[in-house]
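Residue numbers (our numbering), protein chains in the order written: chain A, 1 to 355; chain B, 1 to 355.
Misleading hints may appear alongside valid ones.
What the hints assert, rightly or not - Heads up, incomplete: computed chain A residues facing chain B, CB under 10 Å, no partners named:
(1) ASN33
(2) GLY39
(3) PHE48
(4) PRO57
(5) PRO59
(6) GLU101
(7) ARG121
(8) PRO123
(9) PHE124
(10) THR126
(11) VAL127
(12) LEU130
(13) PRO131
(14) GLN175
(15) VAL178
(16) LYS236
To be verified - A few chain B residues that face chain A, going by a derived Cβ cut-off under 10 Å, partial list only:
(17) SER22
(18) LYS55
(19) TRP116
(20) ALA310
Unchecked claim - In the DSBU-like style, the derived pairs of lysine-lysine whose C-alpha atoms are separated by at most 35 Å in a straight line are:
(21) B/LYS43 <-> A/LYS226
(22) A/LYS263 <-> B/LYS43
(23) A/LYS198 <-> B/LYS43
(24) B/LYS21 <-> B/LYS230
No lab work stands behind these hints: they were computed from the structure.
Predicted model, so just to flag it, every value in this text is computed and none were measured.
Glycine included, every Cβ here is placed at the ideal spot set by N, Cα and C.
The primary structure of each chain is shown beneath.
2 protein chains.
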Amino acid sequence: MSSWEEKVHKVTPYTPGEQPKSTNVIKLNTNENPYPPAGAVQKAIADFDYESLRKYPDPTAAGLIGALSDTYGVPADQIFVGVGSDDVLAMSFLSFFTSGEKILFPDVTYSFYDVWADEFRIPFETVPLLPDFSIDIDGFCKGDAAGIVIPNPNAPTGLDAGTAALEKIIRSNPQCVVIIDEAYVDFGAESVLPLIEKYDNLLVTQTFSKSRALAGSRIGFAFGSKKLIKYLNDVKYSFNSYTMDAITQKVGVAALSDPEYFKMRCLAIINERERAKKRFTELGFDFPDSKSNFIFVHHPKVAAEDIFAALRENNIFVRHFDGERVHDHLRVTIGTEEQMDALFEFLGKYLEEKA
Amino acid sequence: MSSWEEKVHKVTPYTPGEQPKSTNVIKLNTNENPYPPAGAVQKAIADFDYESLRKYPDPTAAGLIGALSDTYGVPADQIFVGVGSDDVLAMSFLSFFTSGEKILFPDVTYSFYDVWADEFRIPFETVPLLPDFSIDIDGFCKGDAAGIVIPNPNAPTGLDAGTAALEKIIRSNPQCVVIIDEAYVDFGAESVLPLIEKYDNLLVTQTFSKSRALAGSRIGFAFGSKKLIKYLNDVKYSFNSYTMDAITQKVGVAALSDPEYFKMRCLAIINERERAKKRFTELGFDFPDSKSNFIFVHHPKVAAEDIFAALRENNIFVRHFDGERVHDHLRVTIGTEEQMDALFEFLGKYLEEKA
Chain A
1 MSSWEEKVHK
11 VTPYTPGEQP
21 KSTNVIKLNT
31 NENPYPPAGA
41 VQKAIADFDY
51 ESLRKYPDPT
61 AAGLIGALSD
71 TYGVPADQIF
81 VGVGSDDVLA
91 MSFLSFFTSG
101 EKILFPDVTY
111 SFYDVWADEF
121 RIPFETVPLL
131 PDFSIDIDGF
141 CKGDAAGIVI
151 PNPNAPTGLD
161 AGTAALEKII
171 RSNPQCVVII
181 DEAYVDFGAE
191 SVLPLIEKYD
201 NLLVTQTFSK
211 SRALAGSRIG
221 FAFGSKKLIK
231 YLNDVKYSFN
241 SYTMDAITQK
251 VGVAALSDPE
261 YFKMRCLAII
271 NERERAKKRF
281 TELGFDFPDS
291 KSNFIFVHHP
301 KVAAEDIFAA
311 LRENNIFVRH
321 FDGERVHDHL
331 RVTIGTEEQM
341 DALFEFLGKY
351 LEEKA
Chain B
1 MSSWEEKVHK
11 VTPYTPGEQP
21 KSTNVIKLNT
31 NENPYPPAGA
41 VQKAIADFDY
51 ESLRKYPDPT
61 AAGLIGALSD
71 TYGVPADQIF
81 VGVGSDDVLA
91 MSFLSFFTSG
101 EKILFPDVTY
111 SFYDVWADEF
121 RIPFETVPLL
131 PDFSIDIDGF
141 CKGDAAGIVI
151 PNPNAPTGLD
161 AGTAALEKII
171 RSNPQCVVII
181 DEAYVDFGAE
191 SVLPLIEKYD
201 NLLVTQTFSK
211 SRALAGSRIG
221 FAFGSKKLIK
231 YLNDVKYSFN
241 SYTMDAITQK
251 VGVAALSDPE
261 YFKMRCLAII
271 NERERAKKRF
281 TELGFDFPDS
291 KSNFIFVHHP
301 KVAAEDIFAA
311 LRENNIFVRH
321 FDGERVHDHL
331 RVTIGTEEQM
341 DALFEFLGKY
351 LEEKA
């Protein structure tokens, strides 16, 4: 190895879910929304003045922040936006978790947390989920962490810890910033957003990628105290002063302009999820009781990897994770009624043949 | 200060050039292109299928990488793309400059380098420009740095060091990665791109923000050896797996599809710059001989801050930097013929009144 290579910061990258090239597949592997974004998004793109692209975008994304402020009833100076939740979370790790002391997150959770910790040389400890996959609340209440991050609902389990339990964790940790990652909160869980008034160390992150069907646009956001948001913006502006492009800022505003469409689509996904739970149960699967747009299923008689491979061969993509506590499970994103019917039709036949 | 605040990573953010709200201004302060992007960009936006935004974008940006590969004659696996040059450079700092040893860059240069170094806790030393503002080549040839970054042409001086001098620096530093930041290279300087075949530790970064008139879209890119690009992608994927949104990927491809338009606009800016040099000289200004889309001017009789303020009062925005070696200068972006005429008309009168 030549000498410059010795200085390279080597990391093991996160592996995102497969994006199959063929369009002839049922894609239930990356928690995307099966419905298109609001029609207003189409108009925003069509109306966009391409000549304006010669200029830098508004670095403060004031239009989008204003629309978020109106939608969520939170003052503009308590809102932060980034290029997807991942950008918001990475900036938060850099801002709040680099004191050199250890941070905490669950052992089974969003697989990017430990990647960022490694990336930014942040020591961490995982708090194991309880045997039923629920968060070990007391494990997070010791008050000695230098940072805490918990998704609610958790991924890939889909479980909602509930506001009371989360508030207990926040209350027990005034010594550090607590991030509640609410990427999936719009599918039936309760947001802890109101608690930002009470705890100035609470950061609540959300995204347009799932419930607003804009994974392709990369828009994440966070709510917190003025102080927290100021610190976060300082780090963001010292990293890249113009992160969110001009078209995306307009797309985000458009998506927020149609709350009825948003509610209707979330409800459709919730209803389809509940229907899926019944059908998974009928087929002998068990699963934590998801409040998200995916279900983390396990079959007591057939190995998850076998089901995964059989589905894949039939152009149905779901997600399988390695790892001791999760390799017996599959994470299945909720699709349209037609997609889910096709999934269950295949699974019914497949399990019958296996039996 | 409450205890969580003690753990916050506090930084002094970079201050970008002012983006005036009024449209009735002549904006020569952020090195934007005065012309719109290629017409193909308009079509790409109009043709974009908004429904596809529900899905994650291609994390590899294969379409854009392919178009860059065709345009520059560089294999796809030697090209990296990011959300603007700033993103590409920040990822490069994280990938190549975090060994704990000191990196080098000029004392007068792009103001983000020291911000990233602070952000990522990278020790650095600056190599002072020579009195004529040119790069001190020998100062970069000691062979003991853990990283080197030099913009060519340099900002805010606009000076081109020339390929021979840059190659001497690269050849003298096999022990570390050398980044040549070519944000402004398309306005008449020679790119060191061919040298990536010879030096596997050379990274050449460029951007769509200036010469391709797409500052609003946030597209930066880099060329290097396969090894360098692989390391960079590993860090990128461990930071944010989906950075560049789907529309921007199409916009980038469209911008590359019209090389004639690109050449025509670059030439117009170069011609206008040369005309501006004559007029600045006539008005008594001196300046380094710029090869970029800006000129770094100094007037021996009137303070830069006074000229800056007078211009600003008349809705002409240029850039003034604090700092011992630069506060007597103004960085003036090259605008359209009309904008430059207005600038010189005002300056002529203003300096006459002052005399």
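* To do: Verify the interface restraint on A/PHE124: the C-beta must sit less than 10 Å from at least one C-beta of chain B.
  => violated (14 Å)
* Asked: Straight-line Cα separation of B/LYS21 and B/LYS230 no greater than 35 Å?
  -> Answer violated: B/LYS21 to B/LYS230 is near 41 Å, above 35 Å.
* Asked: At a threshold of 10 Å, is the proposed contact between A/PRO57 and chain B supported by beta-carbon distances?
  -> Since chain B brings a Cβ to about 5 Å from A/PRO57, closer than 10 Å, the hint holds.
* Mind checking the CB of B/ALA310 against every CB in chain A and telling me if the closest is under 10 Å? => violated (24 Å)
* Is the straight-line distance between the alpha-carbon of A/LYS263 and that of B/LYS43 35 Å or less? -> With Cα atoms ~33 Å apart, A/LYS263 and B/LYS43 stay inside 35 Å; holds.
* Hint check: is the beta carbon of A/PRO59 less than 10 Å from a beta carbon of chain B? -> Holds, about 6 Å.
* Given the proposed pairing of A/LYS198 with B/LYS43, does the C-alpha separation stay at or below 35 Å? -> Since the Cα atoms of A/LYS198 and B/LYS43 sit roughly 49 Å apart, the hinted pair is violated (cutoff 35 Å).
* Report holds or violated for the interface hint on A/ARG121, using the least CB-CB distance to chain B and a cut-off of 10 Å. => holds (8 Å)
* Hint check: is the beta carbon of A/LEU130 less than 10 Å from a beta carbon of chain B? -> Violated: closest Cβ of chain B sits about 27 Å from A/LEU130, beyond 10 Å.
* Asked: Would the hint on A/GLU101 stand, with a C-beta cut-off of 10 Å toward chain B?
  -> Holds, about 7 Å.
* **Hint check: 10 Å Cβ-Cβ cutoff, A/LYS236 to chain B** => holds (8 Å)
* To do: Grab the minimum C-beta distance from A/ASN33 to chain B and call the hint holds if it beats 10 Å, violated otherwise.
  => Check passed: Cβ of A/ASN33 comes within 5 Å of chain B, closer than 10 Å.
Going through the hint list in order, the structure does not satisfy hints 8, 9, 10, 11, 12, 13, 17, 20, 21, 23 and 24.
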